[in-house]
Amino acid sequence: MGNKTLALCRTAPYGSALAREGLEAVLASAAMEQEVDLLFIGDGIFQLLGNQSPEEIQQKSQRRNLLALPMFGLEQFYVCASSLAERGVKPKLIEIPGVEIKTIEQPGALIASYQCVLSF
Amino acid sequence: MGNKTLALCRTAPYGSALAREGLEAVLASAAMEQEVDLLFIGDGIFQLLGNQSPEEIQQKSQRRNLLALPMFGLEQFYVCASSLAERGVKPKLIEIPGVEIKTIEQPGALIASYQCVLSF
Amino acid sequence: MTLHLVSKSPFSSSALRDCLQSFAEGDALLLIEDGVYALRHDALQTLQNSAVYCLEADAAARGQRELAAIVSGIKMIDDAGWVKLCTQHNPIVSWFR
Amino acid sequence: MTLHLVSKSPFSSSALRDCLQSFAEGDALLLIEDGVYALRHDALQTLQNSAVYCLEADAAARGQRELAAIVSGIKMIDDAGWVKLCTQHNPIVSWFR
Amino acid sequence: MPRSAGHFTIWPAMKFSLAVYSAPHSTQSAASALRFAKALLSEGHEIYRIFFYCDGIQNGNSIAAPPQDEADLTGEWQDLQRQYNLDLVICIAAAQRRGVLSQREAERQEKLSANLAEGFELAGLGQLTDAVANSERLVTFGG
Amino acid sequence: MPRSAGHFTIWPAMKFSLAVYSAPHSTQSAASALRFAKALLSEGHEIYRIFFYCDGIQNGNSIAAPPQDEADLTGEWQDLQRQYNLDLVICIAAAQRRGVLSQREAERQEKLSANLAEGFELAGLGQLTDAVANSERLVTFGG
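Protein chains in written order, with the working numbering: chain D, 1 to 120; chain C, 1 to 120; chain A, 1 to 97; chain U, 1 to 97; chain E, 1 to 143; chain S, 1 to 143.
Any given hint could turn out to be false.
Said to hold, decoys possible - Straight line, CA to CA, 25 Å or less: simulated DSS-like cross-link-like pairs of lysine-lysine: (1) C/K90 to C/K102; (2) C/K4 to C/K102; (3) S/K38 to U/K75; (4) E/K38 to A/K75.
Simulated from the structure, these hints should not be mistaken for lab results.
Please model the entire structure based on the sequences and the hints provided.
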């Protein structure tokens, strides 16, 4: 079948394992050449910030998982504009090498265009 | 030592196990004749509502645990007035046989008067 | 269109608010578990012309069945109704935090 | 007086808001884990004259150390500072949902 | 193909998969997943797979011993599995981290005991991808 | 009595207990509890008891096998227990529901295997009450 999939990434990194396990599921899909897109929304946008030093709390970097995605053909991330604004994060601060960041205004329309949505 | 204890009950029943396990901890304290008071605040006030039919979701009644508390000498519950108001619950709707409901306006002052606070 | 499942209380979680920010015209909303406390929350009023459902067993468990009956525009459904909603909509998005 | 520990993001949980509703004069607030995102939230402004602390390791892990340094009135502390705060205050109340 | 659901026939039947992220006895969502699975089957739909991920892997912990008057979700999943020959898959990476191991995994990890319940199977995240690709509907239970 | 913390002496030392409600590898809070416990001890304070409740009982699951590059909280609790002779108590009722059993409990519940980690002890909720009564500070880690 196929089923174009959207991974809805709405949790902050490190505080819970969901952000990490969500990215692992996305990596698995991408490795199997399934079509999967990512939408960072709500606290999920915190995954994209730079200067993360998770070694200070004895955790592995989750940004490293993000940086691995372009190697699997994931070269575009959707990011919710109002989630950024609400949290005082300027869109230009978001930079992932090899990835085009597309800020979107209407997440509902984007979500409805997929056959499957995985929430993390 | 003793240590006058407040159980801060801030979770709704059934959706998570925390409300139930919190009451079990309170029952254990009361059974050991430790001085423990209860403050229902935030979504915790939903534990006090009547007409609960948890058998419809294959769960045991948590209200039954509340009703057991007077047998262990717990005859007064503190309830946060603004938590009730925010959720549209009229104070007079809250009724637990054998228990005096004391609505309070300043939870911070009450909390600070205890040596130990258990949050559930 | 999308079916949104909200399972957390709007008084303690942003699940409902986040869902509504991602709600498109024609979408449907089903309240389950602690999500049924949305019956007591203002946020639902922004959805007056949309399809809003509430799982009856979860409302009943929490003593909210009578309230659900009088909140206008909310349809109470059972498990079979939930299944039917899922066949009528796609994708299905869960808001559980 | 009370030491409040808030460990959830104010954008997705009511933990901080609930804590502030139960905040008494003289109390102290320590932000840990995802609670450090409160640095980006308006709610903290109601506490201008109170003791507000932030666990540096948790802020650094999340890329918020620089921000914490410029938000006025927030004191950054390490684990030993956390221990010290706990000896200076009682009770200690955790807001983790 | 039409399916029989007790007395009447439903058309069209659909192929569902479920993703379950929550442990029994912590939140309600694993119990909701079980209820929804039962409703799907009694309405005549097909369950392609139930994938247990994150804390959901605890649904396959065979040594949970809840009190008699509380639900035994692991046992209920097992009953449903036997009745409908369900594909109950537990993410192996999530289960290793959290301490749910098959006999074979326990030996490989040099752990003294195993606790994977019969009827559940350990497999990789690819099984979630496969479920998404081969189901008409995916419903997630988390929180 | 003053305690020695490395090079210097702290006064007054205090008696703490911790309540831990969260499993490793699900949220950060079990790891925060461990860090706080280490800081308490290195600052010369006393830990009267660490009580594991709700999902926190998974901290005593001996068969968790996290990847080499992730924290092994159960192992770290065990190391700390040996070093400081800590009282690590797991609520027996919470553990039965969730599948963490001692050998004796496994036999009593007629389960095929046990997984309680060495250094942890199963006991009733009374041990939480006792910890509250006998500690100058109680700090809760949940969520």
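Each hint tested on the structure:
| no. | hint | in the structure |
| --- | --- | --- |
| 1 | C/K90 to C/K102 | holds, 13 Å |
| 2 | C/K4 to C/K102 | holds, 18 Å |
| 3 | S/K38 to U/K75 | holds, 22 Å |
| 4 | E/K38 to A/K75 | holds, 22 Å |
Comparing the model with each numbered hint stated earlier shows that all of them hold.
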